[in-house]
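A.B. asks: Sequence:
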Amino acid sequence: MLRPTRLALYWLGALALVGLAQGLLTVFGVLGPAFASVSWALVLAILVLMLLDALLLTRRLAPEVSRQLPGNLAIGRSGEVWLHIRQRSQRPLTLEVFDHPPPGLAFEDLPQQVTLKPGEHVRLAYRLRPLRRGRFLFERCELALSSAIGLWTQRRYLPVSSEARVFPDFARLYGAELRVMDAWLGQMGVRQRQRRGEGQSFHQLREFRDGDSIRQIDWKATARKRAPIVREYQDERDQQIVLWLDTSRRMRSQDGELSHFDHALNAGLLLAYIALRQGDAVGVRTLVPSPCRVSPAKGQRQLGTLLGAVYDLDSHLGHADFSEAANTLLVWQKRRALVILLTNLRDEDDEELLLALKRIGRHHRVLVASLREEVLDQAQQSTVASTAQALEYCAVVDYLSERRALHERLAAHGIPVLDVRPGELGTALVGKYLEWKRAGVL
Numbered sequence: 009m010l011r012p013t014r015l016a017l018y019w020l021g022a023l024a025l026v027g028l029a030q031g032l033l034t035v036f037g038v039l040g041p042a043f044a045s046v047s048w049a050l051v052l053a054i055l056v057l058m059l060l061d062a063l064l065l066t067r068r069l070a071p072e073v074s075r076q077l078p079g080n081l082a083i084g085r086s087g088e089v090w091l092h093i094r095q096r097s098q099r100p101l102t103l104e105v106f107d108h109p110p111p112g113l114a115f116e117d118l119p120q121q122v123t124l125k126p127g128e129h130v131r132l133a134y135r136l137r138p139l140r141r142g143r144f145l146f147e148r149c150e151l152a153l154s155s156a157i158g159l160w161t162q163r164r165y166l167p168v169s170s171e172a173r174v175f176p177d178f179a180r181l182y183g184a185e186l187r188v189m190d191a192w193l194g195q196m197g198v199r200q201r202q203r204r205g206e207g208q209s210f211h212q213l214r215e216f217r218d219g220d221s222i223r224q225i226d227w228k229a230t231a232r233k234r235a236p237i238v239r240e241y242q243d244e245r246d247q248q249i250v251l252w253l254d255t256s257r258r259m260r261s262q263d264g265e266l267s268h269f270d271h272a273l274n275a276g277l278l279l280a281y282i283a284l285r286q287g288d289a290v291g292v293r294t295l296v297p298s299p300c301r302v303s304p305a306k307g308q309r310q311l312g313t314l315l316g317a318v319y320d321l322d323s324h325l326g327h328a329d330f331s332e333a334a335n336t337l338l339v340w341q342k343r344r345a346l347v348i349l350l351t352n353l354r355d356e357d358d359e360e361l362l363l364a365l366k367r368i369g370r371h372h373r374v375l376v377a378s379l380r381e382e383v384l385d386q387a388q389q390s391t392v393a394s395t396a397q398a399l400e401y402c403a404v405v406d407y408l409s410e411r412r413a414l415h416e417r418l419a420a421h422g423i424p425v426l427d428v429r430p431g432e433l434g435t436a437l438v439g440k441y442l443e444w445k446r447a448g449v450l
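First residue of the sequence shown: 9, per our numbering; consecutive thereafter.
The reader is advised that the hints may include incorrect statements.
[Stated by the list, open to error] Derived BS3-like pairs (lysine-lysine); straight-line CA-CA distance at most 25 angstroms:
1) K306 with K440
2) K366 with K342
3) K366 with K440
4) K306 with K342
5) K440 with K342
Derived from the structure by calculation, the hints contain no laboratory data.
Let's have the full structure, built from the sequences with the hints guiding it.
C.D. replies: Next up, the structure:
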């Protein structure tokens, strides 16, 4: 598609003014016929020049363009995209480059302008910031070519296909040493409760130290050594954890840039990272029937498997059928495990949810992690200055009261509930896991 540049429009405007002035001067007899012929010849020459400039532009070869994307992108974290452009024409070429990132990817430093010499190869970079997870397809790149004289520009759309995968923001934990990870957990407020010498699995015999319990003393070994000897235990490392993700419409609530489902996913992956480092097996399954199910397994490779399975998951408008989901979970997971339901409990959840969790609790240990909307806390703390605000405040208090009653009912039936704001879910999950791990209740 050809478009005239400002220079071409200026030329055309000047020609129009010259033609108007010439006509007026000819009418009043100021200019003779000879001068008018020269003027028309000049106008014709300029028009021919413009047409020739446009024709040469349409016949010019477009540069070759390829795109280099980062290996993996993390939601909310900027990455750099490189465009490789190689000039195929034998004449210098000035062009404007605009890539077409798909919706859901914010970008900076576009468009960019570059002048290419014959045979020259250049690389242009721009910043990309994913706003949501998933698979994204780049289909084309747009070039705006300038003509030799600069009277025309032509937009060309080159088919440059690329695919990007956007994962949860988990890059900060990759490659971290355990010491660094512990320091990071400490900054988040997670603390392991030290309980030396107690646990579930025998580790070694050693000499008695201050702080050891008398129950740890091995009397036979003490008699042989004629010195107090204690049995030291370590936490069991062969537990199984199932992240049970709710993908129903209740998880579509938004707090900041992330939905409740994204918050739950990030927190679950953080817990998976730590549990795998502790030697436990971690798997994932969605509550609403879907293809996403990864059986629990141990080892750091399992983290990559989990990321590959959940990076493009999202919530939908369907309803959560807790009864049916519990049946499929029990058939799928035979071995006893810690089942963590990541959801957003509502006041309408009652009998069906309780029966489903009790049925699962007969075979597994269950923990419900329920996200609470930030706006509820803000509304509860806001100042009431009008009737509308008073009605809103009463509605929020009533909603939270019914929600709290549901949590208390679940707890009364031996089903613990974490009721936290989305930004605190990761800390709460890891803290509860480490607490149970150290207490040997898993």
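A.B. asks: Give a verdict on every hint.
C.D. replies: Tested hints:
{"no.": "1", "hint": "K306 with K440", "in the structure": "holds, 20 angstroms"}
{"no.": "2", "hint": "K366 with K342", "in the structure": "holds, 16 angstroms"}
{"no.": "3", "hint": "K366 with K440", "in the structure": "holds, 20 angstroms"}
{"no.": "4", "hint": "K306 with K342", "in the structure": "holds, 17 angstroms"}
{"no.": "5", "hint": "K440 with K342", "in the structure": "holds, 24 angstroms"}
In summary, this structure violates none of the numbered hints.
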